[in-house]
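Numbering (our numbering), first residue to last: 1 to 179.
Derived from the structure by calculation, the hints contain no laboratory data.
Check each hint, because a few of them may be wrong.
Quick list of simulated restraints, FRET-style, between CB atoms [claimed, not checked]:
# : residue 1 : residue 2 : range
1 : 106       : 36        : 20 to 26 Å
2 : 100       : 149       : 30 to 36 Å
3 : 106       : 27        : 28 to 34 Å
4 : 157       : 178       : 22 to 28 Å
5 : 145       : 27        : 21 to 27 Å
6 : 90        : 140       : 36 to 42 Å
7 : 35        : 89        : 19 to 25 Å
No residue lacks a Cβ here, since even glycine has one placed at the ideal position from N, Cα and C.
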Amino acid sequence: MIIPAINSVHNELQTQYEEIAQNLENDEYKEKISELKEYYGVESDEELLMALKPHPVSISIAQAAMESAWAKSRFFVEANNLYGIWSFNKNEPRIAAVQQRGSRTIWLKKYSDIKDSIRDYYKTLARSYAYKDFRELKMQTDDPYILIEKLDSYSEIGEKYAENLSEIIRYNKFYLYDR
1 MIIPAINSVH NELQTQYEEI AQNLENDEYK EKISELKEYY GVESDEELLM ALKPHPVSIS
61 IAQAAMESAW AKSRFFVEAN NLYGIWSFNK NEPRIAAVQQ RGSRTIWLKK YSDIKDSIRD
121 YYKTLARSYA YKDFRELKMQ TDDPYILIEK LDSYSEIGEK YAENLSEIIR YNKFYLYDR
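Kindly produce the complete structure, drawing on both the sequences and the hints.
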């Protein structure tokens with residue numbers, strides 16, 4: 001259920017990336033490219049391609065496994081939230097965490113289906129300043145073990161996060177899903 005959904009979204013994003021990369025100079029694509037640049041908050045064609053290029057599927061699967069406790073977390077079961085994506089907008093569907101941070105309630109996004117969660121996860125990595133180094137590096141390599149080193153901001157455990165992802169990818173042979 002999860003891996004086919006991740007593959008499907010990855011294929012959508014890969015197709016879009018290839019289409020835009022091939023048509024950067026095509027006048028018929030100027031408006032679409034302009035809209036995408038605005039959506040991703042980038043100015044140059046190079047930055048747009050960095051935002052659009054999807055990273056290896058193995059990373060997406062490993063993060064989904066880790067963040068959703070292998071699809072058993074309350075956030076996944078009740079909100080289709082595979083990646084622990086927080087919500088800062090009270091007007092969007094969301095779910096409260098049981099534990100608070102001091103007096104602050106932590107909210108996580110609630111998705112209509114798994115694919116929406118996966119798309120939002122890719123969007124988060126494509127737009128957030130915290131993952132700028134990750135985006136730059138994925139233009140140079142598709143090696144998941146190198147790329148995950150730039151995901152230390154994804155989790156409060158920092159550098160240990162990459163170690164855990166590496167173990168999950170290796171032990172479960174998720175690298176076999178990469179092309």
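Structure-based check of each hint:
1. The hint said 20 to 26 Å for the Cβ distance between residue 106 and residue 36, and at roughly 31 Å that hint is violated.
2. The hint said 30 to 36 Å for the Cβ distance between residue 100 and residue 149, and at roughly 32 Å that hint holds.
3. For residue 106 and residue 27, the hinted distance range of 28 to 34 Å is not satisfied, since their beta carbons lie about 47 Å from each other.
4. Here the CB-CB span from residue 157 to residue 178 is close to 24 Å, well matched to the stated 22 to 28 Å.
5. Between residue 145 and residue 27 the beta carbons are some 41 Å apart, a value that contradicts the proposed interval 21 to 27 Å.
6. For residue 90 and residue 140, the Cβ-Cβ distance of about 39 Å falls inside the hinted range of 36 to 42 Å, so the restraint holds.
7. Take residue 35 and residue 89: their Cβ atoms lie about 22 Å apart, and the range 19 to 25 Å holds.
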